[in-house]
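Chemist: Each chain, letter by letter, is given below.
Protein chains: 4
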Amino acid sequence: MVFTPWCAGNGHQYYFILKSIIMKALVYHGPGDKNWEEKEKPGILNPTDAIVKILKTTICGTDLHILKGDVPTVTNGRTLGHEGVGIIEEVGNAVSNFKKDDHVLISCITACGKCANCRKQMYSHCETGGWILGNTIDGTQAEYVRIPYADTSLYPIPADADEEALVMLSDILPTGFECGVLNGQIKPGDTVAIVGAGPIGLATLLTAQLFSPAEILMIDQDDNRLNVSKTFGATHTINSSTENVTERVMKITGSKGVDAAIEAVGIPATFELCEAIIAPGGRIANIGVHGKPVTLHLESLWDKNITITTGLVDTSSTPMLLKNVQSQKLAAKKLITHHFKLDQIMEAYKTFENAANEKALKVILTS
Amino acid sequence: MVFTPWCAGNGHQYYFILKSIIMKALVYHGPGDKNWEEKEKPGILNPTDAIVKILKTTICGTDLHILKGDVPTVTNGRTLGHEGVGIIEEVGNAVSNFKKDDHVLISCITACGKCANCRKQMYSHCETGGWILGNTIDGTQAEYVRIPYADTSLYPIPADADEEALVMLSDILPTGFECGVLNGQIKPGDTVAIVGAGPIGLATLLTAQLFSPAEILMIDQDDNRLNVSKTFGATHTINSSTENVTERVMKITGSKGVDAAIEAVGIPATFELCEAIIAPGGRIANIGVHGKPVTLHLESLWDKNITITTGLVDTSSTPMLLKNVQSQKLAAKKLITHHFKLDQIMEAYKTFENAANEKALKVILTS
Amino acid sequence: MVFTPWCAGNGHQYYFILKSIIMKALVYHGPGDKNWEEKEKPGILNPTDAIVKILKTTICGTDLHILKGDVPTVTNGRTLGHEGVGIIEEVGNAVSNFKKDDHVLISCITACGKCANCRKQMYSHCETGGWILGNTIDGTQAEYVRIPYADTSLYPIPADADEEALVMLSDILPTGFECGVLNGQIKPGDTVAIVGAGPIGLATLLTAQLFSPAEILMIDQDDNRLNVSKTFGATHTINSSTENVTERVMKITGSKGVDAAIEAVGIPATFELCEAIIAPGGRIANIGVHGKPVTLHLESLWDKNITITTGLVDTSSTPMLLKNVQSQKLAAKKLITHHFKLDQIMEAYKTFENAANEKALKVILTS
Amino acid sequence: MVFTPWCAGNGHQYYFILKSIIMKALVYHGPGDKNWEEKEKPGILNPTDAIVKILKTTICGTDLHILKGDVPTVTNGRTLGHEGVGIIEEVGNAVSNFKKDDHVLISCITACGKCANCRKQMYSHCETGGWILGNTIDGTQAEYVRIPYADTSLYPIPADADEEALVMLSDILPTGFECGVLNGQIKPGDTVAIVGAGPIGLATLLTAQLFSPAEILMIDQDDNRLNVSKTFGATHTINSSTENVTERVMKITGSKGVDAAIEAVGIPATFELCEAIIAPGGRIANIGVHGKPVTLHLESLWDKNITITTGLVDTSSTPMLLKNVQSQKLAAKKLITHHFKLDQIMEAYKTFENAANEKALKVILTS
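Residue numbers (my numbering), protein chains in the order written: chain A, 12 to 378; chain B, 12 to 378; chain C, 12 to 378; chain D, 12 to 378.
I should point out that these hints are in silico values taken from the structure, not numbers from a laboratory. Just so you know, these numbers come straight off a predicted model, no measurement behind them. Hints should not be assumed to be uniformly reliable.
Chain C regions said to be covered by chain D (calculated; three or more residues, Cβ under 8 Å) [to be verified]:
(1) 111-123
(2) 301-309
Each computed BS3-like pair below joins lysine-lysine, with the alpha-carbon atoms no more than 30 Å apart [stated by the list, open to error]:
(3) A:111 <-> A:262
(4) C:198 <-> D:340
(5) B:79 <-> B:35
(6) D:262 <-> A:131
The calculated label-pair distances, taken between Cβ atoms and stated as ranges, are [stated by the list, open to error]:
(7) C:302 <-> B:138: 41 to 47 Å
(8) A:342 <-> D:127: 24 to 30 Å
(9) B:132 <-> D:369: 48 to 54 Å
(10) B:310 <-> A:342: 48 to 54 Å
For every residue, glycine included, the Cβ atom is placed at its ideal position computed from N, Cα and C.
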């Protein structure tokens with residue numbers, strides 16, 4: 012798209028046209044280098060696209076990984092972000108579920124709805140979608156975003172919704188629920204350990220309670236986050252920097268170990284901790300984004316009848332979780348600790364990068 | 012029990028008594044040291060016991076592990092063996108499912124039927140049973156064996172059964188089926204890789220076909236076993252000593268990988284091969300007995316939505332498999348390559364230890 | 012057994028012997044005819060038996076069915092009752108999980124633990140057990156009861172337990188949970204209708220919340236019970252004697268119908284109501300004890316992808332539910348409205364038979 | 012579309028244009044009244060449509076129901092038929108999976124892929140699709156058909172496919188498999204009864220064997236169809252017009268009844284037969300299209316732990332079944348007994364209507 016100032020001299024109109032094709036976005040320029048800058052506003056490329064004006068967005072731990080240079084698919088010039096709620100600005104002619112001015116929740120997963128993986132509800136591995144927002148295509152930390160396959164990648168927002176709470180449904184709540192709770196097969200009466208009390212661990216803690224486990228043990232190194240865990244429903248907290256976690260877990264479980272151990276950190280030590288505390292017949296559900304291999308102790312686990320799962324979120328549970336947030340069974344808002352205007356996003360990143368000192372969980376950016 | 016020859020001079024009666032309390036058994040005397048020797052015949056210790064006269068037994072790969080000294084729970088003096096069919100000699104007063112002279116199949120797993128794990132059908136982790144035969148109590152490579160919890164650890168044998176075929180049901184067929192096929196969630200249309208074409212891999216190959224996968228890829232280093240695999244129903248065979256397995260699998264599967272990869276060897280290289288060839292959404296089912304940790308490549312698997320399972324067999328599928336062997340849907344006998352008399356067991360071990368040269372799969376020992 | 016006073020003149024000893032062999036029990040003598048009377052105290056018949064002294068018991072709706080003559084397997088002379096907690100008086104020599112003086116919860120289902128059905132956890136259809144207490148053998152509305160297969164039909168009671176609350180675990184809570192909630196596949200976000208707000212419907216309402224459905228609609232003719240439902244967690248109540256239930260349900264569900272409809276009454280009208288309000292893809296779980304056939308409207312249901320289940324409780328969930336009652340996640344005691352001494356049982360029946368007027372749910376009888 | 016003869020006088024071109032907008036179709040004109048007649052050729056209405064030239068089609072039992080006037084949604088002027096393979100003539104601009112000249116399998120179920128039901132893979136209840144072909148929109152018994160939502164309602168046909176065999180995949184094989192085999196939860200070792208040996212019952216018999224049941228009992232009144240059943244893999248056949256079916260089933264199953272009973276007729280008597288022969292814990296899977304209610308004997312089934320399912324096919328299994336037909340594990344072609352040219356369709360209906368006399372199963376119509 013080339014901008015041609017056909018009406019120079021008419022200040023107001025000129026400004027209006029500029030606004031319509033230039034926007035602000037948080038752009039990645041290589042490891043450690045990001046900027047809130049002007050960028051061309053996205054337009055419809057395919058008949059299944061929608062253009063969404065961002066109302067609220069947030070920052071994910073994955074964005075920090077990208078900024079460390081850990082995600083090679085993200086290249087210079089990419090707008091970051093894969094979470095948010097917004098308002099439809101324009102839809103392609105094959106979009107039938109949404110129209111201009113609809114308020115929508117953006118899923119972190121883009122799903123075509125017609126490939127073999129989408130037909131199995133494994134949207135995370137959509138052959139032409141999956142996690143692409145803020146990764147291989149421009150994302151949501153911007154004034155506008157183009158959403159491919161809008162009909163199957165956006166969710167309608169009820170009229171009376173608390174849209175701030177719904178931002179937690181773009182990624183963090185379905186990820187905790189699907190990769191942690193469902194994969195971990197949490198059920199009434201279970202004893203569950205969640206390793207990591209960051210935002211994703213806490214999202215898992217919240218959604219695990221939908222299945223009424225008997226005990227939820229929260230394990231972290233940060234006393235503040237462990238204290239928060241208690242207010243979120245943890246029955247036990249263990250500080251792994253000051254306690255022998257395995258001993259403590261075995262004491263709590265009568266030497267059996269836990270029915271489910273959920274890894275929500277992404278480093279070898281925490282995954283191996285899960286291996287150490289799992290009971291025979293138990294499930295280890297990995298949520299963490301790992302950059303290195305881990306050691307799997309098959310010499311002790313081979314006969315223990317355990318199940319280990321990995322997974323990117325499919326967001327197939329989003330409509331159900333949205334229903335629960337709406338009915339206030341799921342206190343999604345508890346995860347939000349800080350608020351910024353969208354154009355304060357550089358400052359918001361600073362806060363999020365110093366989460367421990369700032370006692371930050373999720374930040375909300377409002378346009 | 013002390014034997015006192017109270018009737019010396021009466022040859023026949025003397026002989027009879029001796030026979031009733033002394034038997035022959037294959038006894039472990041430390042790493043590399045086993046012997047076919049006289050041993051006291053077992054008697055009823057608990058009201059739930061049965062004494063079974065062995066009719067047919069076999070040797071398991073696990074017995075070879077024990078003889079290498081790899082299984083520390085097996086101590087000097089232990090009779091080896093956890094497979095076999097026999098005839099009931101005597102039952103304790105709390106045994107109600109069986110009586111003297113019944114022909115029975117011995118399960119490699121002893122199950123009390125009343126502990127928390129047995130109530131979940133996880134008999135492998137019975138709190139006072141599990142795999143104890145030829146491990147922590149005397150086993151089946153003997154003329155007689157004591158079976159604890161007989162009602163829930165033995166299976167009745169139909170009158171017209173081929174008892175030789177049924178020996179394959181003590182361990183190898185339920186292990187392949189439960190730990191490989193069921194844990195691997197094999198279903199019609201799947202592409203399955205089985206790594207290892209030894210007896211347990213072949214038992215998995217046989218039982219996998221109960222769920223009609225579209226393709227079964229058999230991977231091994233031994234061309235003879237690969238050839239056998241073809242006659243057992245493999246659609247593709249890959250010799251891992253001469254071919255690049257990952258490349259070949261990717262070619263066969265259109266670069267997707269397999270829906271299920273079943274590890275039936277027990278070493279790090281074969282487990283890591285399973286990690287390399289699994290498709291997104293796939294299952295890795297471990298059957299192998301591992302002595303060392305393996306490397307789990309979470310840096311590439313964390314987002315692939317895969318499931319890894321481990322497990323000792325519960326033998327909960329034994330009655331169903333027995334029905335299928337009886338109706339000849341499951342060609343259990345194909346697994347048997349060699350026959351010996353029970354008192355030739357030292358020779359049988361030699362054959363089994365040189366399985367590749369001898370082209371041996373399972374050996375049958377008949378009393 | 013005939014009592015012979017061999018030691019007349021020794022008052023104390025005479026009295027002691029009498030006490031040991033005569034007890035009081037609520038005995039059925041045909042339709043409408045029951046009596047609290049002297050009866051011989053039960054003794055051990057099989058090595059797997061236990062004799063339990065009743066501490067607390069209750070009356071079930073099924074007992075009223077029996078007294079109407081609707082259950083032909085119950086014959087003249089039978090002691091009624093299949094619920095209760097007690098203390099072990101004596102065990103047979105094959106009982107290993109329990110010993111004299113242990114406090115135990117009695118399951119309404121007797122399970123041998125070794126037949127084909129028990130091996131599938133379908134204890135309700137145990138080949139020599141199932142629901143036999145107070146049916147084909149003497150039951151728990153007595154000072155003592157003989158429990159066959161004690162190891163697999165009794166549950167240990169924790170030291171600090173509220174034993175009154177645990178009486179709800181003999182039948183009513185596992186029945187509501189297994190036949191209603193599990194068979195109805197209740198899951199987070201579901202809309203559930205429970206038809207019948209009597210004790211079993213309310214037990215279903217309590218246990219359904221372990222899976223966090225979004226809405227629970229309670230349907231009954233009795234306003235008192237509907238009001239109680241609200242305090243138990245119902246989100247909507249519908250009085251079927253004054254409202255058009257189908258219309259109301261369709262209005263609440265946006266004309267879709269409910270995801271699960273649970274029948275907890277046992278008459279044709281309530282089952283057909285479930286058929287009328289079920290959504291495509293939904294589940295109808297029957298709990299009610301039916302005496303007559305019902306009309307299944309396959310002409311409208313054949314293409315609606317629904318699932319209908321029936322079932323007697325297996326009590327396989329009892330240990331999990333007990334854990335939840337102990338941790339006070341399951342407010343079992345809310346179901347108890349009236350208390351009596353065991354020897355006031357005739358009066359307790361009167362109260363229970365006039366449940367609507369008496370606003371009675373469950374009555375507790377304490378020895 | 013209005014036809015304007017802009018080039019009168021140019022005979023060839025004129026004829027060509029006529030051909031392109033007029034076609035032949037089998038049109039319903041009310042109960043008992045159908046005709047093979049000229050009709051306007053369909054065109055693209057929505058960007059997700061495809062126009063398919065029919066290569067092969069068939070007639071379904073449902074078409075006969077329609078012609079009796081039993082399906083009120085089918086109105087005068089409707090082209091019948093919901094099965095077939097064809098070649099793409101034209102696609103709308105939002106269709107991405109297919110292009111002109113692709114050979115395709117037409118699913119009897121039209122699925123938008125984006126509504127709540129499609130997102131649950133319950134395509135049969137697609138909010139704007141489902142079974143609409145030959146019902147609420149024109150169907151496949153014509154030279155051309157318009158397929159809405161082509162991307163999610165058509166399947167690509169491999170180059171080397173036997174297209175005649177694939178016609179069996181439009182409806183009959185996925186219906187037998189999903190509504191009968193999957194809903195009936197057929198598994199290795201099961202004893203299964205299929206009531207009705209017509210095309211749909213036989214399709215169920217073929218696909219049931221993908222799960223290796225131990226016995227399959229085929230029940231019908233027609234000896235020819237029972238004989239065919241034997242060649243398709245039935246282990247037992249029972250003629251319900253000459254034998255007491257319940258007695259015979261109980262004899263075969265040792266008085267237990269069958270694990271799964273599949274209703275493939277659609278009348279009260281056959282459904283009630285399923286109720287009579289089902290074992291405790293068993294499943295009754297309804298496939299039949301019912302026009303009347305049936306009697307559900309809850310007075311005997313309430314405590315038998317059975318599951319009853321109904322359902323229209325979702326065709327989610329079509330890709331897997333297609334793979335099995337291609338690899339010749341599923342002998343789809345066995346279902347075809349008669350062949351006609353497409354313009355002999357009136358004669359083909361006569362044959363199909365006299366199926367018993369004609370020994371007809373499925374007829375193939377080739378354009």
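Chemist: All hints, please: hold or fail.
Modeler: Hint check results:
1. With 0 residues having a beta carbon nearer than 8 Å to a beta carbon of chain D, the stretch 111-123 of chain C misses the requirement of three or more and the stated coverage is violated.
2. By the rule of at least three residues with a Cβ nearer than 8 Å to a Cβ of chain D, the coverage given for the stretch 301-309 of chain C holds, with 9 such residues.
3. Taken as a hint, the residue 111 (chain A) and residue 262 (chain A) pair is broken in the structure, with Cα atoms around 58 Å apart against an allowance of 30 Å.
4. Taken as a hint, the residue 198 (chain C) and residue 340 (chain D) pair is broken in the structure, with Cα atoms around 37 Å apart against an allowance of 30 Å.
5. Between residue 79 (chain B) and residue 35 (chain B), the direct Cα distance comes to roughly 23 Å. Compliance with the 30 Å bound is thereby established for this hinted pair.
6. A distance of roughly 42 Å separates the Cα atoms of residue 262 (chain D) and residue 131 (chain A); the hinted pair therefore is violated under the 30 Å criterion.
7. Separation of residue 302 (chain C) from residue 138 (chain B) is about 43 Å and conforms to the stated range, judged on CB atoms against 41 to 47 Å.
8. Checked against the hint of 24 to 30 Å, the pair residue 342 (chain A) and residue 127 (chain D) passes, with Cβ atoms roughly 25 Å apart.
9. Between residue 132 (chain B) and residue 369 (chain D), the C-beta spacing of about 51 Å keeps the proposed range 48 to 54 Å intact.
10. Evaluation of the 48 to 54 Å hint for residue 310 (chain B) and residue 342 (chain A) yields a failure: the beta carbon distance comes to about 34 Å.
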